[in-house]
Amino acid sequence: MKRLAIWPLAALVLIALPFVFDSGTSLTKMSLMCIMAVFALSYNMLLGQTGMLSFGHAVYYGLAGFMSIHALQILAGPNASLPLVMVPIVGAFTGLLFAFVFGWVSTKRAGTAFAMISLGLGELVAASSLIMRSFFGGEEGVSADRSKLALWLGLDFGAQIQVYYLIAAWTFVSVITMFAITQTPFGRMANAVRENPERAEFIGYSTQMIRFISFCLSGIFAGIAGALAAINFEIMNALSVSGAQSGAVLLMTYIGGVGHFLGPILGAMLITALQISLSDYTGAWMLYFGLMFILVVMYLPGGIAGLIMMHEPVFRAGLLHRLIPAYLMVSAPALIWLAGAVAIIELAHHALVKAATEGPQLVLIGLEFSSRTMFPWTIALGLFVFGAVSCGKVWPRVKNAWSEIHSLMKQS
Amino acid sequence: MLELLLFSSLNGVLYGMLLFMMAGGLTLIFSMMGVLNFAHASFYMLGAYFGFEIAKHLGFWIGLVAAPLLVGFVGAIIERYGLRQVHKHGHVAELLFTFGLAFVIEEVVQMIWGKLPVDYRVPETLDFVAFTMFGTTYPAYKVFMLCIAIGMFIALLWVLTKTRVGLIIQASLSHPNMVAMLGHNVPRIFMLVFGGGSVLAGLAGVIAGPALVTQPSMAALLGPILFVVVVLGGLGSLTGAFIASLLIGLVQTFAVAVNVSLSDLFQFLPFNPKNGSVLGDLWSVTVAQVAPVIPYLLLIMILIFRPTGLMGNRET
Amino acid sequence: MRRIKTILGAMATAVGLSLGSTGALAQQTIQVAYIDPLSGGGASIGEHGLKHFRYIADQLNTAGGVLGRKFEIVPFDGKTNPQESIVQAQKAIDRGIRIITQGNGSAVAAALSEFVVKHNARNPGKEVIYLNYAAVDPSLTNDKCSWSHFRWDADSDTKMAALTNFMKARTSVKKVYLINQDYSFGHSVRAQAVAMLKEKRPDVQVVGNELHPLLKINDFAPYIAKIKASGADSVITGNWGQDIALLLKAAADAGLKVDWYTYYAGGAGGPTAIKQTGLADRVFAVVEGHANVPNPPSQAIESDFRPRTGQAVWYPRAFNQMYMLSEAIKAAGAVDAKKVAQKLEGMRITTHNGGVGYMRTDNHQFIQDMFIASFGPLPAGAKFDEEGTGWGWKTLGKVEGKDTELATTCKMSRPY
Numbered sequence: 003m004k005r006l007a008i009w010p011l012a013a014l015v016l017i018a019l020p021f022v023f024d025s026g027t028s029l030t031k032m033s034l035m036c037i038m039a040v041f042a043l044s045y046n047m048l049l050g051q052t053g054m055l056s057f058g059h060a061v062y063y064g065l066a067g068f069m070s071i072h073a074l075q076i077l078a079g080p081n082a083s084l085p086l087v088m089v090p091i092v093g094a095f096t097g098l099l100f101a102f103v104f105g106w107v108s109t110k111r112a113g114t115a116f117a118m119i120s121l122g123l124g125e126l127v128a129a130s131s132l133i134m135r136s137f138f139g140g141e142e143g144v145s146a147d148r149s150k151l152a153l154w155l156g157l158d159f160g161a162q163i164q165v166y167y168l169i170a171a172w173t174f175v176s177v178i179t180m181f182a183i184t185q186t187p188f189g190r191m192a193n194a195v196r197e198n199p200e201r202a203e204f205i206g207y208s209t210q211m212i213r214f215i216s217f218c219l220s221g222i223f224a225g226i227a228g229a230l231a232a233i234n235f236e237i238m239n240a241l242s243v244s245g246a247q248s249g250a251v252l253l254m255t256y257i258g259g260v261g262h263f264l265g266p267i268l269g270a271m272l273i274t275a276l277q278i279s280l281s282d283y284t285g286a287w288m289l290y291f292g293l294m295f296i297l298v299v300m301y302l303p304g305g306i307a308g309l310i311m312m313h314e315p316v317f318r319a320g321l322l323h324r325l326i327p328a329y330l331m332v333s334a335p336a337l338i339w340l341a342g343a344v345a346i347i348e349l350a351h352h353a354l355v356k357a358a359t360e361g362p363q364l365v366l367i368g369l370e371f372s373s374r375t376m377f378p379w380t381i382a383l384g385l386f387v388f389g390a391v392s393c394g395k396v397w398p399r400v401k402n403a404w405s406e407i408h409s410l411m412k413q414s
Numbered sequence: 029m030l031e032l033l034l035f036s037s038l039n040g041v042l043y044g045m046l047l048f049m050m051a052g053g054l055t056l057i058f059s060m061m062g063v064l065n066f067a068h069a070s071f072y073m074l075g076a077y078f079g080f081e082i083a084k085h086l087g088f089w090i091g092l093v094a095a096p097l098l099v100g101f102v103g104a105i106i107e108r109y110g111l112r113q114v115h116k117h118g119h120v121a122e123l124l125f126t127f128g129l130a131f132v133i134e135e136v137v138q139m140i141w142g143k144l145p146v147d148y149r150v151p152e153t154l155d156f157v158a159f160t161m162f163g164t165t166y167p168a169y170k171v172f173m174l175c176i177a178i179g180m181f182i183a184l185l186w187v188l189t190k191t192r193v194g195l196i197i198q199a200s201l202s203h204p205n206m207v208a209m210l211g212h213n214v215p216r217i218f219m220l221v222f223g224g225g226s227v228l229a230g231l232a233g234v235i236a237g238p239a240l241v242t243q244p245s246m247a248a249l250l251g252p253i254l255f256v257v258v259v260l261g262g263l264g265s266l267t268g269a270f271i272a273s274l275l276i277g278l279v280q281t282f283a284v285a286v287n288v289s290l291s292d293l294f295q296f297l298p299f300n301p302k303n304g305s306v307l308g309d310l311w312s313v314t315v316a317q318v319a320p321v322i323p324y325l326l327l328i329m330i331l332i333f334r335p336t337g338l339m340g341n342r343e344t
Numbered sequence: 053m054r055r056i057k058t059i060l061g062a063m064a065t066a067v068g069l070s071l072g073s074t075g076a077l078a079q080q081t082i083q084v085a086y087i088d089p090l091s092g093g094g095a096s097i098g099e100h101g102l103k104h105f106r107y108i109a110d111q112l113n114t115a116g117g118v119l120g121r122k123f124e125i126v127p128f129d130g131k132t133n134p135q136e137s138i139v140q141a142q143k144a145i146d147r148g149i150r151i152i153t154q155g156n157g158s159a160v161a162a163a164l165s166e167f168v169v170k171h172n173a174r175n176p177g178k179e180v181i182y183l184n185y186a187a188v189d190p191s192l193t194n195d196k197c198s199w200s201h202f203r204w205d206a207d208s209d210t211k212m213a214a215l216t217n218f219m220k221a222r223t224s225v226k227k228v229y230l231i232n233q234d235y236s237f238g239h240s241v242r243a244q245a246v247a248m249l250k251e252k253r254p255d256v257q258v259v260g261n262e263l264h265p266l267l268k269i270n271d272f273a274p275y276i277a278k279i280k281a282s283g284a285d286s287v288i289t290g291n292w293g294q295d296i297a298l299l300l301k302a303a304a305d306a307g308l309k310v311d312w313y314t315y316y317a318g319g320a321g322g323p324t325a326i327k328q329t330g331l332a333d334r335v336f337a338v339v340e341g342h343a344n345v346p347n348p349p350s351q352a353i354e355s356d357f358r359p360r361t362g363q364a365v366w367y368p369r370a371f372n373q374m375y376m377l378s379e380a381i382k383a384a385g386a387v388d389a390k391k392v393a394q395k396l397e398g399m400r401i402t403t404h405n406g407g408v409g410y411m412r413t414d415n416h417q418f419i420q421d422m423f424i425a426s427f428g429p430l431p432a433g434a435k436f437d438e439e440g441t442g443w444g445w446k447t448l449g450k451v452e453g454k455d456t457e458l459a460t461t462c463k464m465s466r467p468y
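Residue numbers (my numbering), protein chains in the order written: chain H, 3 to 414; chain A, 29 to 344; chain G, 53 to 468.
These are calculated hints, taken from the structure and not from any lab test. Please note that a few of the clues may not be correct.
[As the list claims (entries may be wrong)] Using 27 Å as the maximum straight-line C-alpha spacing, the simulated DSS-like pairs for lysine-lysine come out as follows:
1) G:K390 - H:K150
2) A:K170 - G:K122
3) G:K463 - H:K150
4) G:K196 - H:K150
5) H:K395 - A:K116
6) G:K309 - A:K170
7) H:K150 - G:K178
8) G:K178 - A:K170
9) H:K401 - A:K116
10) G:K178 - G:K122
11) G:K170 - H:K150
[What the hints assert, rightly or not] If you want the ones that stay clear, here's a sample from chain G, every Cβ over 12 Å from chain H, calculated:
12) A95
13) S158
14) D234
15) G406
Glycine is no exception: its CB is placed at the ideal position from the N, C-alpha and C atoms.
Chain H with its partners taken away, still in its complex shape (with noise of 0.2 Å):
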C-alpha cells in the first residue's frame, strides 16, 4: 500500500511546483522535463526493458509532433472538434502508426542487426524531411498558434502556466500507464525476451511480437511526448527527426538508468536542466556531456537510478549509517578530483576557444584567471592529481563498508 502512495504525492508535487517556481523560464524548464520524461520512459520501453537498442527512435516522437502541429493548424478556430486537451491523443496514435509500419519491418531482427535498421530509418526519415516540404515545412518548420483552438473550460491556453497544467497531467497518466504496463505479464515477458530471447521462444511465446507488441506501445507514448512539444514550443522542425535527438534520447536514458522505471525520469530531468543551463556557464557544455557519457558507459552501468537504487537493500536492513562515514571520507577528494578535471577542461577550452574572442582572462567561480601563464593550469593538475591519489587512498574504505555490509545482511 505504502509504494501506491507515491503516485498521489507524485502529482501533488506536480501541481504545486508553480507556485514555488513562477518564472517563465521555470515553467519551461518544467514543462520541458515533463516532456523529455515521457520520451525517455517510451524509450525504455524498448531499451531497458526488452533489450532492444534502437538509434532512430526520434523518428515517432518527431513525426508525432509534426502531425499534431498540423492539427492544430487544422483545429485553429473557435468550433474546433478537438479541445487543445485532447490533441496528445493525435500524436498516440501517429506514434502508433508509425510504429506499427516500421516496427514490422524492423523487429524482424534483434541485437545489433535492428539497431543497424533503426539508424537507417532514422537518417531516411530525417533526410525525407527536405524532400516532403508540405508536411515538414522545409528548414522553418511548422509553427502554429495554440491558443486560436476552441476553448476548453473557459482556458485559451496561451500561457505557459496553462500549458505547464496541460502537459504534467498528460505526463502523469503517461508515466503510470507505462509503470503498469511494466507490471502486467507482457511486461515481464519482454524483459524475459531481453534476458534470453531463446529461452522465452521455448517457453511458447514469439520473441517477434512480444519485440513488436513493446515497439508499437513505445511509440504511443513517443507520440504524445511529440505531441506535448508541439503543443509548448509552437513550432516543430526537422530536428525532432534527426539522429540528434535520437541520440539525446538515448544519452537521457542511459545516463538515468536502464534498469529501473525511475532512471529514465531522472535522466530526462537532469540532461534538460544541464542543456537549458549549463552553456549559460561554460561553452564547453557538449564535451561534459560526452565525457559524463562515457564514464557512465564505463564504470556506471546502471545509470543514476541504478547507484541510488544499489542502496535499496542496504537501506531496508537499517545499514545505510555505515556508509556513510566512509561516503563523507571520500567526498573531499572527490570533489577536489573534480574541481581539478572541470579546472583542466575549462582553461584548456578557453586557451583554445575564447581566448581569441574574450581575451586571455577567464573567470572561474568568480575568480579571473589568465589560460596563458602556468600557474593556473599548476593549480589545476595538482587538484586533479591530489583530488585523484587521495580518491584512491581512501576508495578501500569503501569498499570495506560495502563488503561488511554484505556479510552482515547474508547474516541477518
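Starting from the known structure of chain H, fit chains A and G onto it as the hints suggest.
Quick look at chains A and G alone, frame taken from chain H:
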C-alpha cells in the same frame, strides 16, 4: 554524356575506394570483436587533422606515414584502456562507449583546431593535371589517392592471406572462440586489429583531407554511410566490404548526376498532384535530391531480406 | 518513500539550476540579448557576430551611451536550434531584456519571430522587439511580417534584384547556370533568378537549374561536369559554407572558366577557398558593403576593428542596426518596445559605408545601397585583404538603395 559517364565512374570508384579504406578496418573490427565502432569515422577525421598538423611542420610526405601510425596508436590505447573495460558489460555498452567516444573526439578536435575548415592543401608535387578528356581536366592528386587505396587493398590482402598473423586474424573472423581455445592471445590480437583498423582509417583521412574539406563535421558526414557499407558487404568478408564500398560509391556519384523525377518519367499520365501536397513532393522529387538517402534504403532492404549481407557468412 | 525522496531531490537540483538562471533585473544598462550559436557547428560565426555587437556597444558607450545609460550585450547560446533558441529568448525576457537580436539561420529567425509575436500578444506590458541582422528569408518582411520585427540585411529577393540589375549591363553574360542548395533559401534564389533575368535580360539563356542537398556533397565534380557541358559563361549560386568552398574547389580542379555570381563567397573560409583555387576576379558577391569601399569613417573603423577582434568586419549592417537602435531609444525617451519600434520605422541614416539608408515603414526592411564586389589581387590604393590571403574585395558595381525596393505583401497591425 560519355564524358559525364567516364568522370562519374572515375569519381565513383575513387569515393568507393575511400569508403573501403575505412570500411575494411571497420569490418575487421566488427567481425572479430562484435563491436560496431561508431568512432571509426572519428579516426578518419583524426588522420586528416594529424596529417594537416604534421604537414604544416614537416611536410606532406612525412605526414602521410606518421599520421596514420599516430592514429593507430590512439586506437590501440582506446582499445586497451577503454573498450576492454567496457567489454564485460556487453555489446550494447561497447556500442554506446564508441558512440560517446565519437562525440568527445569531435569536441576535442573542435577545441584544438577550431570549428572552421582548416587549410589542408594538396602538396605541390602532386598539384598538376593528370590528364584531360573531353575538355575536362582530372587532377593528379585524385589518381594518387586511387593508387594509395588500391595499394592498401593489395597489402591488406597479402597480410591476411600470406602471413601467420593474417591467418590467425582470418580464423578469428569466423571462429573467435576456437582461436582462443587454441592458445592464441586473443586480447592482443584484438588490440592489433583495432589499432590496425584505426591506421587504415587514419590513412584514408590523411589522403582525403586535401581533396575534401577538413572540418570537424567530417566524421558525422561519413559515419552513417560507413555502417551501410559494412552491413551491406556482410560480416567476415573483406571482399564483401570492397564490393559494397564500390557499389555505394558509384551509386551515390551517379545518382547525383541524374535529374530525373517521377513526374518527368510519367509526364504522359493525366495524374498531376498538387505542388504543395505530400504526394506532389514525392512526385516531383528528382533522383539527385534522393541520392543521399539511397544508401539507407539499401541498408534496410539488405537487413530485411539478406541479413548476412552480400557476401557475409555470419549473421550479426 | 525513497522514491519520493529521489523525485524531490532531483527536482530540487533542477530547480536550483533554474533559480540560478534568473538574474537580477538590470536597470542601469540597456541590455540587448544576442541569441545565436555559441557552441557547436555555427559557433565561430556566432562568436564573430557577438564580437561585432560588443565592439559597437563599446563605441556607443564611449560616446556616452543613450539616455545616460550604457549598452550591454548579453549572449545566449541558441545552438542553431529553433526550439532551443525559443527557450533562450524566454530566459532573456525573464531577466528583463526587451531587445533581442539574432541572425544565423532562417529557421531560428522564423521561430523567434513567431515566439515574439505570441509573447507580445499574451503579455501586454512586457513587449519585446526582435532585430534581425542576417536571416534573409523574404517571408519575414512579407506575409510573416510583424511590428516587432526589423531586418537590416537585404533579403534574398532584394539581393537577387541587385545582382540582376548589375548583370543587365554586362553584355558578356549570355548563358547562365543556376546551382543552389535544396532548401527554402536555395529555392527562392533560383526562382527569383529565373524571374528577374527574364524580366531584365530576356536574351540571356538559363542553361541549367540545379539543386543539390544542403551541406552533404563532398565532391562537386559531377556538377561541374554538367556546368561545363551546358556551355554556360556565368553561374549564379546562393551556396554558403562548405558548399561554396567545395564548389569553387571542384571548378578549379576541372579548369572551369566562368564568372561566379554569389551571395556568400565572402563568408568564413570563402576567401581562402577562392585564393586556393586561383579564380582571381571571377568570383563576385552581392554585399551591403566591404572593407575597401572608399569611405574614410568605415575604413577607420576597419583599421581599429581588425587588430582588436582578430577578424574583419563581416556585418556593416550591425553598425547600422545598433546606431539606429540608439537613435530610436533617444527619440522615444525610454526602452519601451512599442515606442522604439515607432521611432525605428521610417528612420533615415547615413550607412556604415557612406550611403543613404532608410527603414521601410510598410514592412520594416532596411533599404541600403548594394555593392557587387569582386575578389582578387588588391588594386592600387586598397588597404584591406581577407583572411591573410593578400587578396581583397573591390567594387565592380553599385546599385542604389531605392532601386532595390521590392513590392511587399506585408500587412501588419501596429499597437501604436
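Cross-check of the supplied hints:
1. Straight-line distance between C-alpha atoms of G:K390 and H:K150 comes to about 24 Å, which keeps the hinted pair within the 27 Å bound.
2. Proposed proximity of A:K170 and G:K122 is contradicted: the alpha carbons are some 57 Å apart, above 27 Å.
3. With a C-alpha separation of about 20 Å, the suggested pair G:K463 and H:K150 falls inside the 27 Å cut-off, and the hint holds.
4. As the CA atoms of G:K196 and H:K150 are separated by approximately 17 Å, the hinted pair is consistent with the 27 Å bound.
5. Of the pairs offered as hints, the one joining H:K395 and A:K116 holds, with about 26 Å between alpha carbons and a cut-off of 27 Å not exceeded.
6. Proximity of G:K309 to A:K170 is assessed by CA-CA distance (about 21 Å); at most 27 Å being required, the pair is judged to hold.
7. A distance of roughly 21 Å separates the Cα atoms of H:K150 and G:K178; the hinted pair therefore holds under the 27 Å criterion.
8. For the given pair, G:K178 sits about 60 Å from A:K170 by alpha-carbon distance, which is inconsistent with the 27 Å threshold.
9. With a C-alpha separation of about 20 Å, the suggested pairing of H:K401 with A:K116 holds against the 27 Å cut-off.
10. Of the supplied pair hints, the one linking G:K178 and G:K122 holds, its CA atoms being roughly 21 Å apart against a limit of 27 Å.
11. About 11 Å separates the Cα atoms of G:K170 and H:K150, which keeps this hinted pair within 27 Å; it holds.
12. Some Cβ of chain H comes within 12 Å of the Cβ of G:A95; the nearest lies about 8 Å off, and the non-interface call is violated.
13. Residue placement check: G:S158 does not keep its beta carbon more than 12 Å from all beta carbons of chain H (closest about 6 Å).
14. At roughly 6 Å from the closest C-beta of chain H, the C-beta of G:D234 falls inside 12 Å, breaking its exclusion from the interface.
15. Consistency note on G:G406: stated as away from chain H, and its beta-carbon is indeed over 12 Å from all of that chain's, at 29 Å minimum.
Of the hints listed earlier, those the structure fails to meet are numbers 2, 8, 12, 13, 14, in rising order.
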